[in-house]
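Chains A and B, in that order, are what the protein sequence lines are. In terms of this note's numbering, the first sequence opens at residue 1 and continues consecutively. In terms of this note's numbering, the second sequence opens at residue 1001 and continues consecutively.
No lab work stands behind these hints, which were simulated from the structure alone. Check before you lean on any hint, since a few could be wrong.
Unchecked claim - Far from chain A, by Cβ distances over 12 Å, these chain B residues were calculated: (1) E1007; (2) A1040; (3) Q1041; (4) G1068; (5) R1099; (6) A1101; (7) A1149; (8) Q1171; (9) E1177; (10) D1179.
To be verified - Beta-carbon label-pair distances, calculated as ranges: (11) A52(A) to R1038(B): 48 to 58 Å; (12) A1074(B) to A59(A): 53 to 63 Å; (13) R236(A) to F1071(B): 29 to 39 Å; (14) E202(A) to R1031(B): 21 to 31 Å.
Remember, it's a predicted structure, so these values are computed and weren't measured experimentally. We treat Cβ as the ideally placed atom computed from N, Cα and C, and that holds for glycine.
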Amino acid sequence: MSDPAIRFVVALEAEARPIAERFRLEPVGESHAFRIFRGEAAWLVVAGFGKAAAAAATAYLHLAAGGELGRPWLHVGIGGHSRRTLGELLLAHKVDDRASGLAWYPPLVIDAPCPTAPFLTVERREEEYEVPWVYETEAAGFYPTACRFSTAELVHAFAVISDNPEANVSGPPSAPFVEELVARHLDAIESFGRGLGELALEAAALAADPPGYREIVARSLFGLTEQRRLRRLLQRLAVLAPGEPLPPAAGGSAAPARDVLRHLEVRLSRLPLELAPPTEAAIDVVH
Amino acid sequence: MLYIEEEILNHPRTLAIRSRFPDDEVIPCARYGEVFNRRAQSFRLQKRRPSMILARKQRNFVVETPPGYGFEGARNLSFSHMLNCIYDCRYCFLQGMFRSANYVLFVNYEDFLWEIEEKIRGARGEPLYFSSGYDCDSLALEPVTRFAATVVPFFARFPQAVVELRTKSTQIKSLLELDAVANVVVAWSLTPPEVAGAVERLTPAVDRRRRRSSSRP
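Next comes chain A alone, as it looks inside the complex (with noise of 0.2 Å):
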């Protein structure tokens, strides 16, 4: 994998600014749809409010960042809750579209660094909150945007609760209260955002093409049935036979796929199969 970093997508800039110093982030300069922040560890797009602007800045960030599959993605953002304490950051265990109906369910395969909680994401900001999950506005669509592009495990998305009942304050709250929220926990977003990262490298490896796979392909025309026999077949040799170099005429330019397809079953259908090398108390068995 040529880059891991983290795509951070955000509604306000005041989100924005404490990740951006954190991962030292720099805006980038050409003129974008969206702000946009890049650097070695992260990219952070600002989506503005509501989530069809966070399922459309999520999809531009993808292709802005390179297009790269399998890489992770953070959502943070505000939101109010009915019980939870001013302050307090929460990952998503559940992301409910109250329009739709639709709810996804963020595989966490590595620690959390808080709480984890229902997100239900509403059209319009809320002051009433019916249910005990936290009320936001984006993660509805940035989580099943951000699915396209990498595996459910890599995405996730944090709250810190920006309002609840005992909160003495009407309205949207103020960019450098919503600055301070998110910088009182920039070492667990960014821990967590670590963990992902090797995730993402240990899924990369296993997704990686086998040994032998794109040379073969560059000199013969595989179609894709074909080219899903060859990687299975590679694999196959990989496995079995690690190491050794791929014969000449499954290598050779110009020859058809179905002649190196064949070539490889009969290599693989001689190979002798040894799950694990015998031990010395096997053998003495034997003979």
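Please build the complex by placing chain B on the supplied structure of chain A, with the hints as guidance.
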């Protein structure tokens, strides 16, 4: 995490399982399919830390096995109370069958047993062979599922039907607490230790499986 379908939040088996994991966060869902095997999931990443999903199976409790599978010359059927296995054998078809590595446990055993009983009574004395352990290991999570503890006494009532519990597990405590039943077959997979060590990740050592297979109450 423990996901539970809302419909079975108060099912007795759900409550019993929840009592074993009091610290686990419970996340209700409408249907297990909302969580399990959705697009854009990674089996291998989820295998690092699988969650459990408690669900109600709605249909197809018992299926006929394909020709050539099971006991020769007999009518073979299979049922799976659970999807996915806690073990990680490299050769297992489960490695590629689902996009999710989470365990789905169908808590409505009563519905499985109802359909099994219908099949047995409908067979009018024809011997039937049932197998368990196609989509999971039959005994690996027995302390949680109490599956064998439920199924073995059931099959004791129907000596004309045989059930095979396929396993690599050593979780036989509930079996040892029951009277032996002639038509219940516990079938252990035994591979050479060198092979098991190389490709049967997370499974009990073959020697332990072998010793468990010859245990007496």
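Problem - Numbers of unmet hints, in rising order - result: 2, 3, 5, 6, 11
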